[in-house]
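4 protein chains.
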Amino acid sequence: MSLLSNYLSVRKFSETICEPLQIEDYVVQPIEDVSPPKWHLGHTAWFFETFILKPNLIAYREFDPNYNYVFNSYYETVGARVIRTDRGNLSRPTVEDVYKYRAYVDEAMESFLCREPEESVKELLILGLNHEQQHQELLRYDIKYILGHNPLFPAYADEHIEQDLKVEDQVWLKVDAGVYEIGHEGNDFCFDNELGRHKVYLADFEISTSLVSNAEYLEFIEDKGYQDFKHWHAEAWDWVNTNKITAPLYWHFVDEEWLRYDLAGGLKPLKLEDAVTHISFYEAAAFASWKGMRLPTEFEWEIAAQKLDWGKLWEWTESSYLPYPGFSKAPGAIGEYNGKFMVSQKVLRGASVATSPNHKRLTYRNFFYPGLRWHYNGLRLSK
Amino acid sequence: MSLLSNYLSVRKFSETICEPLQIEDYVVQPIEDVSPPKWHLGHTAWFFETFILKPNLIAYREFDPNYNYVFNSYYETVGARVIRTDRGNLSRPTVEDVYKYRAYVDEAMESFLCREPEESVKELLILGLNHEQQHQELLRYDIKYILGHNPLFPAYADEHIEQDLKVEDQVWLKVDAGVYEIGHEGNDFCFDNELGRHKVYLADFEISTSLVSNAEYLEFIEDKGYQDFKHWHAEAWDWVNTNKITAPLYWHFVDEEWLRYDLAGGLKPLKLEDAVTHISFYEAAAFASWKGMRLPTEFEWEIAAQKLDWGKLWEWTESSYLPYPGFSKAPGAIGEYNGKFMVSQKVLRGASVATSPNHKRLTYRNFFYPGLRWHYNGLRLSK
Amino acid sequence: MSLLSNYLSVRKFSETICEPLQIEDYVVQPIEDVSPPKWHLGHTAWFFETFILKPNLIAYREFDPNYNYVFNSYYETVGARVIRTDRGNLSRPTVEDVYKYRAYVDEAMESFLCREPEESVKELLILGLNHEQQHQELLRYDIKYILGHNPLFPAYADEHIEQDLKVEDQVWLKVDAGVYEIGHEGNDFCFDNELGRHKVYLADFEISTSLVSNAEYLEFIEDKGYQDFKHWHAEAWDWVNTNKITAPLYWHFVDEEWLRYDLAGGLKPLKLEDAVTHISFYEAAAFASWKGMRLPTEFEWEIAAQKLDWGKLWEWTESSYLPYPGFSKAPGAIGEYNGKFMVSQKVLRGASVATSPNHKRLTYRNFFYPGLRWHYNGLRLSK
Amino acid sequence: MSLLSNYLSVRKFSETICEPLQIEDYVVQPIEDVSPPKWHLGHTAWFFETFILKPNLIAYREFDPNYNYVFNSYYETVGARVIRTDRGNLSRPTVEDVYKYRAYVDEAMESFLCREPEESVKELLILGLNHEQQHQELLRYDIKYILGHNPLFPAYADEHIEQDLKVEDQVWLKVDAGVYEIGHEGNDFCFDNELGRHKVYLADFEISTSLVSNAEYLEFIEDKGYQDFKHWHAEAWDWVNTNKITAPLYWHFVDEEWLRYDLAGGLKPLKLEDAVTHISFYEAAAFASWKGMRLPTEFEWEIAAQKLDWGKLWEWTESSYLPYPGFSKAPGAIGEYNGKFMVSQKVLRGASVATSPNHKRLTYRNFFYPGLRWHYNGLRLSK
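Protein chains in written order, with UniProt numbering: chain F, 1 to 383; chain U, 1 to 383; chain X, 1 to 383; chain B, 1 to 383.
These aren't lab readings, by the way, just hints derived from the structure by calculation.
Careful, some of the hints might be misleading.
In this list, chains with the same sequence are indistinguishable; a pair is considered to hold if it fits within one copy or across any two.
Below, in silico cross-link-like pairs of lysine-lysine (BS3-like), each with a Cα-Cα straight-line distance of 30 Å or less [stated by the list, open to error]:
1. 230 x 122
2. 122 x 100
3. 230 x 307
4. 360 x 307
5. 199 x 307
Remember, it's a predicted structure, so these values are computed and weren't measured experimentally.
Given only the sequences and the hints, what does the whole structure look like? Please build it.
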């Protein structure tokens with residue numbers, strides 16, 4: 001696929017995800033972690049405008065100078081930004097304006113991509129596309145949160161990504177102790193945090209071939225797992241009690257039955273055979289402790305996954321998100337991409353049903369704070 | 001005007017106010033005090049559905065049972081409600097749905113009003129219309145807040161209510177000491193908090209015939225009034241410092257010049273001859289103290305206003321919002337209307353350019369917490 | 001009594017109140033409103049040092065220049081102060097140091113008072129003594145809070161001020177409508193907020209000759225008064241729910257019985273015949289509403305109290321704390337005494353068992369925020 | 001040394017540390033992380049009473065049943081506890097009571113230790129002594145915080161532990177790549193988190209033989225390191241700005257000079273040749289980034305430290321505090337000791353001048369949240 005057609009196809013996909021939305025759905029920000037869908041659409045356009053068009057297309061005229069202020073996310077290098085909790089207070093630019101902005105940027109990009117760009121720009125462009133794919137996945141999470149927390153429980157679409165989360169039968173895969181190689185290899189795109197390729201020593205371990213199911217997780221709930229501090233980290237126990245957590249996100253106990261919000265609309269009975277999802281690291285670790293097992297490290301995961309079927313849900317690991325040996329940040333704004341988050345977060349490995357096509361990689365390192373759970377995550381046991 | 005045509009004209013006016021809005025503007029709630037415009041539109045329809053149609057129109061079928069949950073404001077009698085800070089997180093019902101809801105309720109009301117309702121229902125209906133007019137004024141405040149806090153400073157309309165705020169020349173009106181009568185008299189509609197009519201003793205006082213102007217207020221700013229604790233109540237001084245307040249709401253100091261957000265779009269130079277507005281009680285009291293004067297009480301105001309020109313801006317008074325002698329709450333949900341707010345708030349008297357037609361009364365008692373200032377208020381000196 | 005002996009007797013009484021304390025009791029600040037006893041002792045000495053000795057005794061040498069920083073309360077005129085929530089973090093100066101400071105100041109005051117001071121200084125001195133008496137009453141509240149919130153429920157003293165709170169039989173006193181005079185008259189000391197003497201018009205009213213008893217208040221509790229929003233102001237209802245309030249402060253429901261902390265140590269059964277105390281204005285108003293009655297205004301109280309027995313507990317009134325007609329602040333730091341608190345607080349009238357001798361006056365206006373209840377307050381019904 | 005004499009000497013040392021304190025210093029809790037010294041003294045006694053005496057000494061009579069409530073720290077197994085932020089609100093038990101409690105427990109322990117206890121009790125006892133030594137170090141931190149944040153800057157003692165923090169000349173130690181063994185070995189006491197001994201692969205690295213000095217850190221400050229987001233993690237940058245951090249804890253910029261609080265009393269000029277201390281992980285990492293270097297991992301540290309001089313300050317590492325392979329918690333309350341903190345914290349290695357004698361170990365893993373800095377920590381560069 002040419003760079004241009006790749007560009008156009010990625011850009012189009014963001015809009016496809018938003019197609020089922022009403023204008024109002026694009027605007028709200030029910031919690032700080034969730035961004036309004038129109039913000040994602042604007043921000044990803046802003047990325048190309050700011051890092052590709054403005055520095056490289058001499059005659060390029062900015063769509064609207066105020067948009068820099070509105071659509072910057074966290075690139076301190078680039079200047080003041082709307083603070084994150086304010087995103088949901090902005091009724092303007094309208095959704096229509098944002099789509100015009102995207103079309104404007106895309107048209108300029110089309111002109112720009114008539115000629116083969118130089119290597120460094122091409123790299124930035126590919127980064128921009130991967131960046132947009134990450135926001136596509138966030139769009140999935142955020143749209144679900146917006147609809148799934150509305151008291152009317154509106155539908156996203158009849159056909160949707162959650163229809164195939166069934167868990168396979170469990171087998172234990174054994175991996176032998178030894179020195180293994182970790183991290184991205186080769187010339188394909190990867191994020192800076194997947195480099196450099198390096199050796200780790202792993203002790204013997206066993207890992208489950210399947211994700212934990214709703215049925216298994218329900219046993220934990222029914223065994224009063226949420227009421228027994230023994231299974232929980234100290235800060236997790238505070239989190240459970242402060243937030244009165246008693247089940248995964250989107251679960252509702254109605255008339256003695258567990259229901260969950262369904263993207264096809266309304267609350268539906270839990271599918272016991274599906275993989276459990278929308279749990280925090282705290283819950284994943286508490287469940288594992290209750291089972292007398294543990295989560296794999298990200299290194300164990302990367303080695304074992306070569307022989308596993310993976311990719312329906314991001315899998316919480318025991319590993320903290322830290323730099324690999326020899327890690328170095330790129331200079332300038334792009335250098336803010338990953339390194340500055342390398343404290344206090346946990347690594348998730350794999351991919352999910354919400355991950356965009358061609359955005360899946362064995363060495364991919366996703367990361368979230370341990371108390372978050374609005375993303376499509378799950379849990380695989382190790383021992 | 002017949003009850004029906006009165007009903008239809010009031011109902012229509014809420015929609016007229018919202019006509020210049022984009023769909024997105026209907027949805028957001030930038031601060032707790034501001035409600036999304038679509039919420040005002042839904043809530044005022046809900047009032048008629050809940051208090052008139054459901055109890056009195058036998059065959060009436062609720063538009064949507066979930067709307068009770070979404071559009072109740074604070075009537076604890078009527079059941080659970082969306083907590084106030086959550087209103088801006090609701091993308092559904094959509095704006096279109098809300099307009100359908102209004103049309104549905106209006107059609108049912110038209111049928112209902114074919115026959116003359118009994119007296120108690122008529123009273124409730126008139127209360128409902130006054131209630132909607134109060135929300136019309138809140139709509140004005142909230143729309144201004146939403147647009148005036150957007151970094152793009154979008155226009156509401158070319159012609160708008162702030163174009164005639166010019167202040168008259170100041171004269172001091174003297175009022176003699178004596179026993180005066182306060183409160184509503186006669187059979188016209190009034191709120192319960194304007195009753196009962198009662199006597200108060202007033203000492204001699206003088207009151208200005210004009211509101212304080214931007215020019216005068218600017219002197220206070222330039223004399224460092226915001227930096228001198230002497231003029232401020234203790235809790236006001238905390239408010240100034242915690243919120244870093246240095247000027248009225250909507251004022252911006254740009255390139256050595258004071259600008260203010262303009263409903264016609266953008267930031268425009270301050271009109272010095274206009275009445276100062278969008279100040280808190282704290283600021284009004286501090287300004288009066290700096291002048292060596294004071295605010296009138298609501299009783300002084302009500303007596304003096306018989307000889308004053310008033311009504312461009314709600315005027316802060318020194319009075320706290322308390323029950324008049326003999327005040328009693330109506331039974332049921334309607335009784336929650338006023339009495340439960342009679343603590344910690346200050347009274348404002350008069351009316352404003354945002355007040356709906358026919359919703360102005362000498363005895364009207366408006367009330368806000370002393371730190372609020374997004375409403376159209378102002379200040380008249382007394383001594 | 002001479003000025004000097006009056007001075008010495010007031011000063012001594014502060015120390016008498018603290019006599020039963022352990023050193024540790026002097027230090028802690030369990031909530032923002034409560035100050036450490038050693039702080040009260042230091043602050044009242046600081047008042048005489050700062051306003052009498054430093055300006056008037058030429059050769060006076062400050063005890064310790066840092067004490068100005070530590071013991072100023074809220075006199076912005078006098079400079080930076082330890083912020084209020086930090087008072088309980090200061091282990092130094094020690095209790096012994098504070099007593100030395102008091103002795104040092106008292107010795108200097110003795111020299112100073114050998115000669116009759118000029119009139120303006122005398123006035124300041126009398127203000128200082130009244131100020132210290134106010135802190136004596138606060139000491140009573142704060143010591144009770146410190147001991148009564150300790151899980152060991154230690155004793156203050158076997159004989160104490162709460163032993164005589166029995167309520168008399170209830171009779172209704174009728175007062176006729178008319179114009180009455182309010183406020184302090186004559187040359188005795190009063191606070192600026194009791195001036196100027198002025199006329200008010202009062203409608204007919206009736207007022208109870210007795211305070212509400214624990215027995216009556218218990219009926220309110222048992223009738224589920226704390227669970228019925230109808231009786232509560234809107235902000236009171238939030239207060240009840242946020243703080244999970246179900247009874248007056250210091251009450252504990254243990255083994256199906258209501259107990260209360262006893263200054264003689266431990267938890268003891270409630271005395272049903274005693275006046276109810278340690279309730280907020282919110283609770284007082286809710287109780288009155290449940291009874292179908294109301295609280296008196298401070299003006300009604302001042303007129304009626306001429307024929308009532310009063311003074312065991314400060315009585316919540318319906319009145320907000322506002323300036324009397326013609327009120328003006330004194331210049332300088334002393335002017336910060338009262339006026340700056342005249343917003344958002346409620347007036348209490350009377351006096352309490354914790355009030356110091358000779359510090360009781362018909363026209364005295366005490367004031368607290370409506371949600372506070374650690375002071376000795378109570379409730380008298382009106383209708 | 002016999003078990004008993006070891007017991008008595010450890011117990012004595014806690015009291016020796018507190019000897020210079022005034023009673024008031026034992027009581028306060030200026031921030032949540034700091035506990036009142038009397039609480040440490042009581043809590044360490046409670047440990048022996050609860051885990052040794054009550055289960056093993058048949059005739060043992062509890063000193064005071066309420067003390068369990070007051071002195072439990074975080075052992076959920078053992079029952080309700082005073083919530084952590086309330087510790088500074090408790091004036092009782094008094095300091096004298098706490099010393100009596102210690103004497104009572106020590107006497108009972110002396111009787112108990114007349115006979116050789118069985119192995120499992122002996123292990124618990126040794127854990128108790130190590131636990132007390134940890135609290136001895138915390139006492140050092142907390143006492144410094146209490147005195148060093150008092151506006152009078154009182155002295156702890158003329159001779160004190162900070163007098164020998166001079167940094168050596170810097171040399172770079174090279175370590176070759178390879179598989180190394182990590183974790184405690186042998187039969188001596190260690191905490192559960194130092195087990196099990198396991199292999200790690202390390203790439204080549206270099207590590208400084210000396211800690212970073214105040215002089216070097218000052219360069220970072222003067223190069224505006226605290227104002228340049230580039231060096232900081234995203235959450236660190238929020239921390240710097242929210243808390244307005246501009247230098248290590250206890251540093252004050254007075255009259256154009258950097259001073260620091262001195263345990264001998266008052267503020268003294270910074271000793272440039274001393275190791276920098278009282279910095280957060282965030283600051284350590286930002287400094288390293290500014291230098292173009294990094295912090296060592298705890299594994300690199302443990303291998304390199306065999307050839308390094310270490311022990312004046314706890315050294316921040318890049319490693320998160322996670323379980324070693326095969327880690328398992330002890331059953332019961334003792335199992336809450338370490339495992340439940342294994343999320344969101346960073347590892348520090350080494351020991352400090354505040355560490356108690358015989359409480360220093362190459363494999364010791366200390367851990368704190370990345371934003372804390374009241375402990376004696378420092379920084380060693382790696383590359």
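inquiry  = Regarding residue 230 and residue 307, is the shortest C-alpha distance of 30 Å or less found within a copy, between copies, in both, or in neither?
reply    = neither (34 Å within a copy, 40 Å between copies)
ask   = Is it within a copy, between copies, both, or neither that the alpha carbon of residue 230 lies no farther than 30 Å from that of residue 122?
value = Between. Shortest inter-copy distance 25 Å satisfies the 30 Å Cα cut-off; intra-copy 52 Å does not.
ask   = Are the CA atoms of residue 122 and residue 100 at most 30 Å apart within a copy, between copies, both, or neither?
value = Within one copy only: 25 Å inside a chain, 51 Å across chains, cut-off 30 Å.
message = For residue 360 and residue 307, with the copy left unspecified, which applies at a CA distance of at most 30 Å: within, between, both, or neither?
response = Cα proximity of residue 360 and residue 307: one copy only (16 Å, versus 44 Å across).
request  = Classify it for me, residue 199 with residue 307: is the Cα-Cα distance of at most 30 Å met within a copy, between copies, both or neither?
outcome  = For residue 199 and residue 307, the Cα distance is within 30 Å both inside one copy (19 Å) and across copies (24 Å).
When the structure is compared with the earlier hints, a violation turns up for hint 3 alone.
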